[in-house]
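Undergrad: Residue numbers (the numbering used here), protein chains in the order written: chain A, 328 to 635; chain B, 4 to 232.
Rather than coming from a laboratory, the hints here were simulated on the basis of the structure.
Keep in mind that the hints are not guaranteed to be accurate.
Where chain B lies over chain A, by a calculated footprint (3+ residues, C-beta under 8 Å) [claimed, not checked]:
| id | region |
| --- | --- |
| 1 | 376-387 |
| 2 | 390-400 |
| 3 | 491-503 |
| 4 | 579-588 |
| 5 | 595-601 |
Going by beta-carbon spacing under 8 Å, a handful of chain B positions derived as facing chain A [stated by the list, open to error]:
| id | residue |
| --- | --- |
| 6 | Val20 |
| 7 | Gly52 |
| 8 | Val54 |
| 9 | His57 |
| 10 | Ala83 |
| 11 | Ala92 |
| 12 | Tyr174 |
We treat Cβ as the ideally placed atom computed from N, Cα and C, and that holds for glycine.
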Amino acid sequence: MLVEHSERGEAMGKTTGRWTLALAAGLLLGGTAAAQGASDEAYEYFARNCVSCHTIGGGPLAGPDLAGLLDRRDRDWLSAFLLDPAGVIDSGDVYAQALLRDARGVYMPTPPGITADLADKLLTVIAVEDGLDKSRFAGLQLSDRPLTPVDIALGRQLFNGTTAFASGSPACFACHTVEGAAGFGGGRLGLDLTTVYARMEGRKALGAWLGAPPSPVMAPLFQDAPLDADEILALTAYLKHTSESGVEQASSGVLAFLLTGLGLAAVLLVLFDVAWKDRYRSTRRTLVEGRRSPRLASRAVEGMEGTP
Amino acid sequence: MHDELLFAILPYVAMGVFLIMTIQRYRQRTFTYSSLSSQFLENRHHFWGSVPFHYGLLFVLFLHLAGLFIPDVILAWNAAPLRLFITEATGLAMAVITLIGLGNIVLRRMGDTKSRTVTSVSDWIVYALIGVQVISGIAVAVFHGWGSSWFATSLTPWLWSLFKLQPEIGYVTALPWMVKLHIVNAWVLIGFFPFTRLVHVLVVPNPYLWRRTQVVLWNYDRHKVRSKD
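Pulled out of the complex, with its shape left as it was, chain A reads as follows:
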C-alpha cells in the first residue's frame, strides 16, 4: 500500500504538470492526441507494457498487430478483454478463443495495474496511433541483414557480461543459462534460454521482447536502461545460434558447482585443523591429562605460551 500511494502520488504530480502543458498544446493546435483523451501516462504505459508483444502496423509479434483493432471489435469488448484477458478467453468467447489459437495457446497476461479508465485511454492511444501514417509503435527497427559469426561472438560476450551493455543493464549470464555456456553455466534465477529463439518464432518477436522485457523480475531493471538495437541484434544472433544447437536445454552445471563447493569446504576444514592444532580445542583437557603424562603437559605449556 505504501508503494501504491507513493507511486500514485508522484505520478499524479507529474500528470498534473503534463496535463497543463497538454491542455495548452491542445488549445493551440486543436485535436491533438492529448485533447482526444490519450494521456502521456497511457502512452508511457503502452511503451512499457505492450510493445514487447504488439506493434501498431508493424505485423504480429507474440500477440497480434493492433492496427485496425477498433474496426475488428467494439470498444466495450476490447475494454473487458484488457481488464481480464484470461477471464474472457475462458468464458468461451469465440473471438477470444481464435486469438488464443493464433498465439499458440499462450494467454495474454493481465496488464499490470489495469483499470477501466486506463483501458479506455489505451484504446484511445491505439486508435490515434493507428490513424497516423506510421505509428511510433510500428515495432523495433531491427535490421533484416543476415546474421554473421561476428554477431554471434558479440552476442556471446554481451550474454556473458564480458562486454557490458551500453545502458549498464545487467548481463544475461547473472540469471540465465544457455547450451554451450562456460564452466558451471549461467545463472538459474530465470529460464534456460537455449531454445528461446525458436519458442519466440524468430528475430522480430524476440527482438521486440528484448527491447522492453515485460517479465516482472526484468521489467524494473530494464525499463530505465533498455538495450540498444545493435545489442539486441547481436543477442538475437547468439540465441539463434544456441537454438540451432539441437538440444532442448543447457547441460546442467548444478552438480559440478555443488561438488566444487563441498570439496572447497573440506579443504577449509583441513586448513582449520592444521591452523589450530595446539590451540582452543584442547587447552584445559591437555592440562588436566598432563598431570598424568609429562609429554602432554609440556606440549600444553608450549601451546599456552603461544597464545596472547
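Please build the complex by placing chain B on the supplied structure of chain A, with the hints as guidance.
TA: Frame of chain A, contents of chain B only:
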C-alpha cells in the same frame, strides 16, 4: 497484499525493533550484553562447532554487505565468468562450513548435559532461525545461481529503496519462493536479534585485532610459588 506485508512493512518493523531494543537492552540490562560461554563445560566438540560456524558466517555475511554497499565493484568482478564462479564457489563452501559448524553446535548442546543446562529457549530459537537461513541460502546458491550478481541488480535497489523510505517491492515480488524465504527469515532474525545471545555481535572486542600485544610479567618467582603446594 501479503507481498507488501513481507517486503514493505516487515523490514521496517524488524529494523525498528532492532534499533530500539538493542539500545534499550544496552542501557538497562548492560551485563546481559554477551553470549554466555560454555567452552569450559565442554571443549572436545566445541572447536568443530564454533570455529567453522563463525568464520563461515562472517565471510558469507560480508559478501552480502559487499552486494549492498559496493554492487558496482561486485558486478565488475563478476563480469568474467571464471571470476563469478570463484565468488560463488567460495561463498558456497563458506556456507557449507557454516552449516557444519551449526550442526556441531546444536549436537553438542543437545548431547552434553552441562551445555544443555545453560542453553535457553531463545538460544534454540536462534539456532532454528539461523538453520533456516543457512539451508535456504545454500538452496538459493545451488538452484537459483548466480546470486552474487543478481543480488547486486535486484535486491540492492530494493534495500536502498527501503532505506530511502520509498519501498519499491517490484524488484522482489516475482522472485522464486526459496529466495523470498531467505529474505523474510533474514528480517525475522534481525527483529529477534536484540532478545538473544546474538547481541554479542555488537560488542565484539575488535580493538584486539590491532591493539599492541600485552606482555605479561611476573614480579615473583613462579617456580617458588608453584613448589609451595
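Undergrad: Each hint should be assessed against the structure and marked as holding or not.
TA: Against the structure, the hints:
no.: 1; hint: 376-387; result: violated (count 0)
no.: 2; hint: 390-400; result: violated (count 0)
no.: 3; hint: 491-503; result: holds (count 6)
no.: 4; hint: 579-588; result: holds (count 5)
no.: 5; hint: 595-601; result: holds (count 3)
no.: 6; hint: Val20; result: violated (18 Å)
no.: 7; hint: Gly52; result: violated (10 Å)
no.: 8; hint: Val54; result: holds (6 Å)
no.: 9; hint: His57; result: violated (11 Å)
no.: 10; hint: Ala83; result: holds (6 Å)
no.: 11; hint: Ala92; result: holds (5 Å)
no.: 12; hint: Tyr174; result: holds (5 Å)
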